[in-house]
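A.B. asks: All chains should be built: construct the whole structure from the sequences, respecting the hints.
Which chain is which? The protein sequence lines are A and B, in order. Here the working numbering is used: position 138 in the first sequence is 125, and no number is missing along the way. Here the working numbering is used: position 208 in the second sequence is 195, and no number is missing along the way.
The set of hints was computed from the structure by calculation and includes no laboratory data. Some hints could be false.
[As the list claims (entries may be wrong)] Covered stretches of chain A (in silico footprint by chain B; criterion: 3 or more residues with CB under 8 Å from a CB of chain B, positions within the stretch not fixed):
1) -8 to 4
2) 44 to 50
[To be verified] Here are the simulated lysine to any residue pairs, SDA-like style, with alpha carbons at most 25 Å apart:
3) B:K35 with B:R(-7)
4) A:K35 with B:R(-7)
5) B:K35 with A:D125
[What the hints assert, rightly or not] Facing chain B, from chain A, some residues (calculated, C-beta under 8 Å):
6) A103
7) A104
8) H106
9) L132
10) A135
11) T139
12) A140
13) H143
14) A163
15) I166
16) A167
Remember, predicted model here, so these are calculated numbers, not experimental data. Beta carbons: idealized from backbone N, C-alpha and C, even for Gly.
Number of protein chains: 2
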Amino acid sequence: MPTTTRERLIVAAFDLFASQGYDATTVDQIAAHAGVGRTTFFRNFASKEDVLFPHHDDVLREVDARLATATPTTRSSALREGARIVLDHYLDEGDAARRRYRLTSTVPAVREREMAAVHRYQRLFARHLAGWLAEEEDGPLRAELTAAAIITAHNHVLRNWLRDDRADLIEEFEHAIGIALEMLGASPPTRTTVVVTGGGDVETILRDVREALTRAP
Amino acid sequence: MPTTTRERLIVAAFDLFASQGYDATTVDQIAAHAGVGRTTFFRNFASKEDVLFPHHDDVLREVDARLATATPTTRSSALREGARIVLDHYLDEGDAARRRYRLTSTVPAVREREMAAVHRYQRLFARHLAGWLAEEEDGPLRAELTAAAIITAHNHVLRNWLRDDRADLIEEFEHAIGIALEMLGASPPTRTTVVVTGGGDVETILRDVREALTRAP
DNA sequence: CGCTAGTACGGTACTAAGTACCGTAGCGAA
DNA sequence: TTCGCTACGGTACTTAGTACCGTACTAGCG
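C.D. replies: Quick look at the structure:
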């Protein structure tokens, strides 16, 4: 098993945090448990909290790249999918995400770090949005509001999932993002062609459309 | 001048941070500059960062009290005035707020602390809003979105002011809060109408519908 | 007046995070 | 082999934060 030193440190840290608690675990213990020296820990992670958020930089780059591909007509879905990248990453982490959540709920220092991470995502979205809305009235403000809405909706769904595993997570996510974007302003009319009358979110509408289309000629 | 020890510590800390920078200033220096022992510092402030945010607890209580007085017909103004309480507090601080801002802009540890403080306000707003929207569909999510919008609008105006003093601050604030609430207040469309002309099989149409719906909020 | 209880303070000693620096083992390329 | 690079371990240090103890001051009460 050629696991890298960095990964061994992450595993060791999560194990010790889970068994002893965060505050009661020292960096020396983490390093020892991973079979390396203390210096090596700080070479891989800038602080004790950082070992809990080892992938945010990668995910940030991913989201940044996705948002950068947006065109004026695809911005809405770029925002959706940008947020989905973050959500999916948490899902991929699986149990680790849940163990970390338990820490963020109880340890102030970890919670602050988590908030800092969230803030970076929000600023990333806001930066792209600011570019998109540069011409509009109150562009910078609207950019920040939209970014805040997306992050808030994302976190809302994520927290629900972290608390108790639920099956319809993706649907919930689409619903929440839909509400966030819908609350934020009317979109220009599109030149689309199909139709549906009826209420509900995207998934509901799609279900209705599918039903109508498959039932009719 | 019967200034209390706590206040002397605050003044000493701000002075030293301004002259030497945050990291280069030790708690010992702050205590010595205030003419007290190191122990006394930690009796008054839980941490070195805390001395920079000495009044948040009071303001939080104030805002809490204001929001608690809201009736179903006055909620909008309660939100406005709740945010105004926070803004006014920063204005009262005057130069101290601006000196702190300089630190939050440059020192990561201070910035994280600031974000934690902001988060407490947002959660306070969200808590009240959640109570107000308890009956509504997606109440908790909408509560968080609204709280996020208010805090974001507030911070947007505040940051502008902290960067460069501007005269029409209050007007800007009302404008920003207005946009935030307006964006959120817009009643969600109860009927969604999408029109598709043209043929194609069911799956093709469904794909078009999905694309249209996800592209335009 | 003397006595007592509470409060604020100073000092000492300790733990642990984070930094700086030095030395060294491995490893691929010239 | 030798050079250069990278990763690692060890030591020593600074500083935030905690725990604990002793003491001065003050208010209240006999």
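A.B. asks: Now look at each hint and say whether the structure bears it out.
C.D. replies: Each hint, compared with the structure:
no.: 1; hint: -8 to 4; verdict: violated (count 0)
no.: 2; hint: 44 to 50; verdict: violated (count 0)
no.: 3; hint: B:K35 with B:R(-7); verdict: holds (13 Å)
no.: 4; hint: A:K35 with B:R(-7); verdict: violated (31 Å)
no.: 5; hint: B:K35 with A:D125; verdict: violated (37 Å)
no.: 6; hint: A103; verdict: holds (5 Å)
no.: 7; hint: A104; verdict: violated (10 Å)
no.: 8; hint: H106; verdict: holds (6 Å)
no.: 9; hint: L132; verdict: holds (5 Å)
no.: 10; hint: A135; verdict: holds (4 Å)
no.: 11; hint: T139; verdict: holds (4 Å)
no.: 12; hint: A140; verdict: holds (7 Å)
no.: 13; hint: H143; verdict: holds (5 Å)
no.: 14; hint: A163; verdict: holds (6 Å)
no.: 15; hint: I166; verdict: holds (6 Å)
no.: 16; hint: A167; verdict: holds (6 Å)
Hint compliance for this structure: hints 1, 2, 4, 5 and 7 are not met, and every other hint is.
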